[in-house]
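Visitor: My request is simple: use the sequences and hints to build the entire structure.
Every letter in the first sequence is one number past the one before it in full-length UniProt numbering, and letter 164, counting from 1, is 164.
Hint data in this document are derived by calculation from the structure and do not stem from the laboratory. Since this is a predicted model, take the numbers as computed values, not measurements. Keep in mind that a hint or two might mislead.
What follows is a set of in silico ranges between Cβ atoms, one per label pair, in the way DEER data are often shown [claimed, not checked]:
id, residue 1, residue 2, range
1, 11, 98, 44 to 54 Å
2, 5, 117, 15 to 25 Å
3, 10, 90, 17 to 27 Å
4, 36, 117, 20 to 30 Å
5, 7, 130, 35 to 45 Å
6, 5, 99, 34 to 44 Å
7, 103, 66, 13 to 23 Å
8, 117, 18, 18 to 28 Å
Beta carbons are placed, not taken as given, at the ideal position from N, Cα and C, and that holds for glycine.
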Amino acid sequence: MVRAPSFDKNGLKKGAWSEEEDEKLRAYIQRYGHWNWRQLPKFAGKDEPLHTLTIFHLSGLSRCGKSCRLRWKNYLQPNVKRGNYSKQEVELILKLHDRLGTKWSAMAEKLPGRTDNEIKNYWHTHLKKRAESNPKMNQATEKFPETASENMVSDNHCQQSSVSHHLPAEASRESFSSSNDDCSLFHSSETFWEHIEDFWTKPFLADHTPCSQDDFLSALNEGEFTSSYYFCDGTEVFNQPMD
DNA sequence: AAGGAACCCAACCGCAAACTT
DNA sequence: CAAGTTTGCGGTTGGGTTCCT
1 MVRAPSFDKN GLKKGAWSEE EDEKLRAYIQ RYGHWNWRQL PKFAGKDEPL HTLTIFHLSG
61 LSRCGKSCRL RWKNYLQPNV KRGNYSKQEV ELILKLHDRL GTKWSAMAEK LPGRTDNEIK
121 NYWHTHLKKR AESNPKMNQA TEKFPETASE NMVSDNHCQQ SSVSHHLPAE ASRESFSSSN
181 DDCSLFHSSE TFWEHIEDFW TKPFLADHTP CSQDDFLSAL NEGEFTSSYY FCDGTEVFNQ
241 PMD
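Guide: Below is the structure:
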């Protein structure tokens, strides 16, 4: 059902994800968020102390950022609903398709727990023929009260409200605001921002900290690190310039 | 039971928008 | 403001599974 694993010319893995890769990605994002999809694969799976950089390199994900993003969004993020579609969901998809066409992401916003990819697949495999063979079907769905979709939307707002209503400008990027990816990881805006503040003070992420592995390694070689660095759990990584 | 067709869905690709430098 | 980078979206594909003959 899934593509066979393979490697491209840059050594990046393609195809089906293994459980180990899923676990690395999940663990990394739940701890640090997805601050930069392109850089993330280099650090995912590198929870060991920083002085074991060789191991870091070996244990990072050999995936492109795009692939990581897709895997997280469509499969790993906690609020993804899987399995059969309810009649209500089907009716809503038909109705939204009638209104929005192939704006799958917009449709996904109205269906809590369903991803654009999943809705798109479901449309192509289950609903397309049905809709084509009966063009009036969608109109028939109009008989369903608006409350059906409104309820689903309000559910969605409920899930997101604790985060999205309190975002400062500097955190307006997708990784912390518009996406509901992280909502379920935090039970209130307070804990969310505690985590964010925590996040920005940790290795890899602070402005003065190199953001790519190459930068990081060269900075390390040049003894650029002179202050203490800690992991979220308070573990001190090192506090002396390294030789 | 075998094999071919159809189905299904995870994942890839290309492109454009958004953002950063 | 231009160029470069990153992200997100929609279309498409690969290949495993199920169904049919």
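Visitor: Does each hint hold? Answer for all of them.
Guide: Against the structure, the hints:
no. : hint                    : in the structure
1   : 11 with 98: 44 to 54 Å  : holds (45 Å)
2   : 5 with 117: 15 to 25 Å  : holds (20 Å)
3   : 10 with 90: 17 to 27 Å  : violated (41 Å)
4   : 36 with 117: 20 to 30 Å : holds (22 Å)
5   : 7 with 130: 35 to 45 Å  : holds (40 Å)
6   : 5 with 99: 34 to 44 Å   : holds (40 Å)
7   : 103 with 66: 13 to 23 Å : holds (21 Å)
8   : 117 with 18: 18 to 28 Å : holds (20 Å)
Hint violations for this structure: number 3 only, all remaining hints satisfied.
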